[in-house]
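Quick note, the sequences are listed as chains A and B, same order. Residue numbering for the first sequence follows numbering that gives the first Met the number 0, beginning at 0 and increasing consecutively. Residue numbering for the second sequence follows numbering that gives the first Met the number 0, beginning at 0 and increasing consecutively.
Wrong hints could be hidden among the right ones.
[To be verified] Pairs of lysine-lysine, DSSO-like flavour, derived with a Cα cap of 30 Å:
1) A:LYS229 to B:LYS276
2) A:LYS47 to A:LYS247
3) A:LYS49 to A:LYS107
4) A:LYS257 to B:LYS16
5) A:LYS1 to B:LYS105
6) A:LYS247 to B:LYS42
7) B:LYS313 to A:LYS247
8) A:LYS196 to A:LYS257
9) B:LYS42 to A:LYS257
10) A:LYS190 to A:LYS257
11) A:LYS257 to B:LYS313
12) B:LYS81 to A:LYS257
13) B:LYS313 to B:LYS276
14) B:LYS283 to A:LYS107
15) B:LYS42 to B:LYS81
[Stated by the list, open to error] Listed next, with one range per pair, are the computed distances between beta-carbon atoms:
16) A:TYR166 to B:GLY39: 42 to 52 Å
17) B:ASP184 to A:VAL30: 27 to 37 Å
18) B:HIS185 to A:LYS1: 24 to 34 Å
19) A:ASP21 to B:LYS276: 26 to 36 Å
20) A:SER254 to B:GLY214: 17 to 27 Å
21) B:GLN291 to A:SER254: 22 to 32 Å
22) A:GLU214 to B:ASP175: 45 to 55 Å
23) B:GLN291 to A:ALA228: 30 to 40 Å
Read the hints as simulated data drawn from the structure, not as lab findings. Ideal placement from N, C-alpha and C gives every residue a C-beta, glycine not left out.
Residues per chain are reported as follows:
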Amino acid sequence: MKIVVLCKFVPNAISERRFVEDDFTTDRVGVDGLLSELDEYAVEEAMKIKESGDAQITILTMGPPAAADAVRKALQMGADAGVHVVDDTLRGSDALATSLVLAKALEKIGEYDMVMCGMASTDGEMGVVPAMIAERLGVPHVGYLGDLTVADGQVTGRRDGDAAIEYVASPLPAVVGVTDQINDPRYPSFKGIMAAKKRPVQTWSLADLGVSAEEVGLSAAWTVVDAVAKRPPRSHGEVVTDDGDGGKRLVEFLSSQKFV
Amino acid sequence: MSPILVLVDHHDGVVRKSTTELLTIARRLGDPAAVVIGHGLEKAMGTLAAYGAAVVYDVDAPDIDDYLIVPRAEAMVAVAEKVQPSVILLTSNAKSKEIAAHIAVKLGSGIITDAVDVQPGPDGPITTQSVFAGNYSVQARVTTGTPVITVKPNATTPEESPSSPSIELVEVTFSDLARAVRVTDHAPRERTGRPDLNEAAIIVSGGRGTGGDFGPVEQLADAMGAAVGASRAAVDSGWYPHAFQIGQTGHVVSPQLYVAAGISGAIQHRAGMQTSKTIVAINKDEEAPILQLADFSVVGDLFTVLPQAAEEIKRRQG
């Protein structure tokens, strides 16, 4: 079984995330970055498949040079190889261009049974790129799986939908998305960290993928950001200490705001 | 005026509130045209007419519930090619966002997700999004193709505007790929009798401070007609089902009132609720970060404060 896991290098939510001032793109250079937490669940699920049978796991990412850190983390968790698409012209790409580049990279990787991904990135949080990749590649896509089983050339699982839980089945190859309910991602072991150093990571440019610079980056984005404003910090409101009437005082406040 | 296409989110014709919000937004932008896929057109018509749909497109697909995303995207594209809408609006939920992603690629159109506001502009609709855990507000527009915009529930207050929509039947031939992913079974979410989290005006949430006992949280919620939410800490401890998790990896909500009980306010949680209109916190720890965003806080034990508040509300309501 050949599995490609899509990983994204994102600004760390713990430090301050911000936009580049002159073009409103997400600042991915001047900030701490790391493997998007939600992608760890996809890496872990791929590892579980590998450990219960046989699988070759390739990590695919697109991002600035520092995104190599995200690939390394996934290799430390146990993945076998990495592909890092890096090109200056990619900066500011929208979801559509991102899906184009990743779809081309998947075609270049060639054989795969599953393309696995998390439920969304923790920065843009759109959650649309996997579906776009599936649309471009013409393969089935099933996302939001809270558990999954691979057998007999198909993936089955429980999709944790908005209004209902759905049990779904898809033939392989497929793009498969998992939620943060599916497993508990492992921490890289010392052995894993050492082994990762020997695993191959290829670096591909746009030219390697046959994608032209006009198709990607901020200037090719089909959306434009006109303005970005930092939300004024919420004001620290009234604080009362419960002296036996805390509940009543709470209702006083709710009543003054017409909630009661 | 070219139509504003709205994908109706419904279950057997019961139209979800978020769709009435989309129709309200669509009326700002042009003539709302609703697309109903699957069973229940007759039942849906009442709501669609009440909220001003000018036309209703009925996609006849008797077995649609056996399939997931792609048939719905193909149906939307078929309607879009027929009527050439100026905008396509969908609800920002898991299913509709995936449908929107397919539509955007198929039509070669730009896409904006999770809008919290959409207003008409000289160069097409201007969206507002709340990003980076609600710390930034972003105004954006689609510049290429037919704007595909997904809108978060509660982005606007639905306003009725009665209409007499015509009904047009649309025949769609689905691709083989559309039938690749099958829904083999489904189970409705457990009914709690409380409002849906994404649509609720008031949410009362519990966290680590409940110690696993959500009784007082539910008691206050029921006194106020509110939905119940839970922090990731509470969900990870197995105290409350994941379906009720508020936070970056759960529901991102912005109700009129959010009551956080025994929740410290980790960034993960704040990302899911800090755009709420009014925030109230009950916490034993006066240093808890949640107090810094709360409009009103009670430093105290939720096991005494919440029941007292619930009793007081009942007393006032007689």
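The hints, checked one at a time:
1. Proposed proximity of LYS229 of chain A and LYS276 of chain B is supported: the alpha carbons are some 17 Å apart, at most 30 Å.
2. Our distance criterion of 30 Å between C-alpha atoms is broken by LYS47 of chain A and LYS247 of chain A, whose separation comes to about 52 Å.
3. With a C-alpha separation of about 22 Å, the suggested pair LYS49 of chain A and LYS107 of chain A falls inside the 30 Å cut-off, and the hint holds.
4. Of the supplied pair hints, the one linking LYS257 of chain A and LYS16 of chain B holds, its CA atoms being roughly 23 Å apart against a limit of 30 Å.
5. Taken as a hint, the LYS1 of chain A and LYS105 of chain B pair is honoured in the structure, with Cα atoms around 28 Å apart against an allowance of 30 Å.
6. Distance check on the hinted pair: LYS247 of chain A and LYS42 of chain B sit about 44 Å apart at the alpha-carbon level, beyond 30 Å; violated.
7. For the proposed pair LYS313 of chain B and LYS247 of chain A, the alpha carbon gap of about 12 Å is at most 30 Å, so the pair holds.
8. Our distance criterion of 30 Å between C-alpha atoms is broken by LYS196 of chain A and LYS257 of chain A, whose separation comes to about 61 Å.
9. Annotation: proposed proximity of LYS42 of chain B to LYS257 of chain A is violated, straight-line Cα distance about 34 Å (limit 30 Å).
10. Taking the CA atoms of LYS190 of chain A and LYS257 of chain A, the gap is about 60 Å. The hint is violated against a cut of 30 Å.
11. Distance restraint check for LYS257 of chain A and LYS313 of chain B: the Cα-Cα separation of roughly 15 Å lies within the 30 Å cut-off, and the hinted pair is therefore satisfied.
12. With a CA separation close to 47 Å, the supplied pair LYS81 of chain B and LYS257 of chain A exceeds the 30 Å bound.
13. About 24 Å separates the Cα atoms of LYS313 of chain B and LYS276 of chain B, which keeps this hinted pair within 30 Å; it holds.
14. Distance hint between LYS283 of chain B and LYS107 of chain A is unfulfilled; the C-alpha atoms sit about 56 Å from each other, more than 30 Å.
15. Proposed proximity of LYS42 of chain B and LYS81 of chain B is supported: the alpha carbons are some 25 Å apart, at most 30 Å.
16. The hint said 42 to 52 Å for the Cβ distance between TYR166 of chain A and GLY39 of chain B, and at roughly 22 Å that hint is violated.
17. Between ASP184 of chain B and VAL30 of chain A the beta carbon distance is about 44 Å. The supplied range of 27 to 37 Å is therefore violated.
18. Judged by the Cβ atoms, the range 24 to 34 Å given for HIS185 of chain B and LYS1 of chain A holds: they are separated by roughly 31 Å.
19. For the hinted restraint 26 to 36 Å between ASP21 of chain A and LYS276 of chain B, the CB-CB distance of approximately 33 Å keeps it satisfied.
20. Taken as a hint, the range 17 to 27 Å holds for the pair SER254 of chain A and GLY214 of chain B, whose Cβ atoms sit roughly 24 Å apart.
21. Range check, GLN291 of chain B to SER254 of chain A: about 24 Å between beta-carbon atoms, so the 22 to 32 Å window is met.
22. The supplied range of 45 to 55 Å is broken by GLU214 of chain A and ASP175 of chain B, whose beta-carbon atoms lie about 28 Å from each other.
23. Remark: the range hint 30 to 40 Å for GLN291 of chain B to ALA228 of chain A is contradicted by a beta-carbon distance near 20 Å.
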